[in-house]
Amino acid sequence: MSLVNQNNLMYNFSARSRRNLIILMGLGLLLILAGYLWHTFAGDHAAGHEGAAGHEDHHAGWGQRFWANLLVNGYFFGGIGLAAVFFYALHFAAQAAWSQVFLRIFSAVGTFLPIGMGIVLLVIACGDLHLHHLYHWMDADLYDKASPEYDPIIDHKEPYFNRLFFYGRLLIFMGGWIYYQYWTRKNSMQGDLLRGNDMISNWKRNIRNAAIFLVFFGFTSSVYSWDVIMSIDTHWFSTLFGWYNFAGWWIGAIIVFNMLVVHLKSRDQLEFVNPSHVHDLGKWMFAVSFLWTYLWFSQFMLIWYSNLGEEVVYYAQRWEQYRGLFWITMVVNFAFPMLVLMSRDSKRNKSFLLFTGLLIFFFHWADTFLLVMPGTVGEHWNIGGLEIGMFLFFLSFFIFWVFRALSQAPLLQKGHPFLEESLHHHI
Amino acid sequence: MAANYKTIQGIWGDEELLMNGAKQMRDAHIKVKEVFSPFPIHGLDPVIGLPRTRLAICAFIYGITGTSLAILMTWYMMVSDWPTDIGGKPSFYYYMNWPAFIPVTFELTVFCAGHGMALTYLLRNWTLPGVHEKNPDPRTTDDKFMMVIEAKEEKAAEIVSMMRASGAEEVNVI
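So the sequences go chain by chain: R and B.
Going by my numbering, 310 is the number at position 310 of the first sequence; the sequence numbering is gapless.
Going by my numbering, 133 is the number at position 133 of the second sequence; the sequence numbering is gapless.
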């Protein structure tokens, strides 16, 4: 254990960092307010209503955009928390040794899971209260045969959108994930003191629970993404959607881990994390970027190729209204990790990791933006005060929350049988 | 080999001991010519002064060769020679149907990189059909580890004693 400096294990979330992050959150809120004022008193308010000419256009209006942005950020940052919990479980189920020095970082990012899920649930519940119109299928007229708005396709999906089943399954999914997240966090803190046989039996319990969680997560994460995001475009469906969304959360979480390691290293902490650990975490950023690109392209290519009207409408709208952002997002998220992080040396270099990580972090946020916006605000999208402010608020809140969680426990999770092996990781 | 040079072959039963022996040779500025082992010994390469592999650079070159070949092939077959109707879309230029060609491009990139690396490895090692093995002792394919050093005759005795001191079970001077 000579590699570990026992006096340098606590992360100090300084008052200055707290203050700066709170200022950033306030700046985000101010930008949202400025966006609102700009919308209300400047030109685009009138333009929005002119376009609606005659009937009420659900897609225009500041309220709709506000809720859509809340969903984008809740889903994006909540997904990062979820993927962090998944990654934590994965390393136990695989009985991985090398990553043991990172477990506290995975666990700290995972603490954002309940907040992200809470925001997603809030957005969905407010949709049912008709505070916004993100979810077309929440319109009761669609299921009423007597109504002119009757939609046989959506009516056919009524059993799936049945409120008891819908909310019931979402609560079970989120409850299961949050329960596991809470359990691992508590268990790892108590496990710090375990030695010998107690440590081994606790480790085995962790492996078993991680395996159960992974099976549960595998089924439920896809359904969660259908319910929360795919149902926005109610008529459209894609069988790859769940995996594609999952890859997006996963790469988001991996970027956050990399950034946290760079940050902690710059504060002379994590001295037990050696270049081989950093290299392997960089490989994950490289690899999961390809997973994301692969799934993005697989979904896109099949729909583009077969050219069926009811499927291609999803991409046609993105092509018509979001073309620039759509392609830039894809190209940046693919090309930058590939070209920058391909070589061994760049994965060990914190500047390269920082540059690529931050760049693709923003463009994976843009990817989530593209999941939500076309179906909810359509052509009325914009990247203005509201979008930037909301992202800034969520980002600084997320960082605040993760730093707080990091400062609650030692940065090295002890009481793990592979600790010594992980400390000597060398590739 | 000039007459005043000797080949010294030390055989160890444990790779950790051989590693220590190799470190002592490095510290004494004695060049280790080769190590034979049934499996890769982790961390040995820098100790015996092996440079980092250049196979990755080859892989990249083979990969982009595959990409270029695939683009040329799909362009010639699907656009130039016999324009193929893909989902009723126009097919006058390559860019109009590029998503359809991506899977082939990907596969050929992997194909060329994989085969190129395997062939490079076999050629560089000269492990080809009909080639005799260069391994001086068949026990190093089972459970023994051999270090080979070429040194001047007057230094041989010193190296032999160093090998024995670091745990060599057997030392042969040829």
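By construction, these hints were calculated from the structure, which means they are not laboratory data.
Given the structure is predicted, the values throughout are model-derived calculations rather than measurements.
Virtual Cβ for every residue (Gly too), placed ideally from N, Cα, C.
Incorrect hints may have been included.
Stated by the list, open to error - So, partial list: chain R residues that the calculated Cβ filter (under 10 angstroms) puts toward chain B: (1) R344; (2) L423; (3) I427.
Hints and how they fare:
no.: 1; hint: R344; in the structure: 7 angstroms, holds
no.: 2; hint: L423; in the structure: 15 angstroms, violated
no.: 3; hint: I427; in the structure: 9 angstroms, holds
Figure legend: structure checked against the earlier numbered hints; the only hint not met is number 2.
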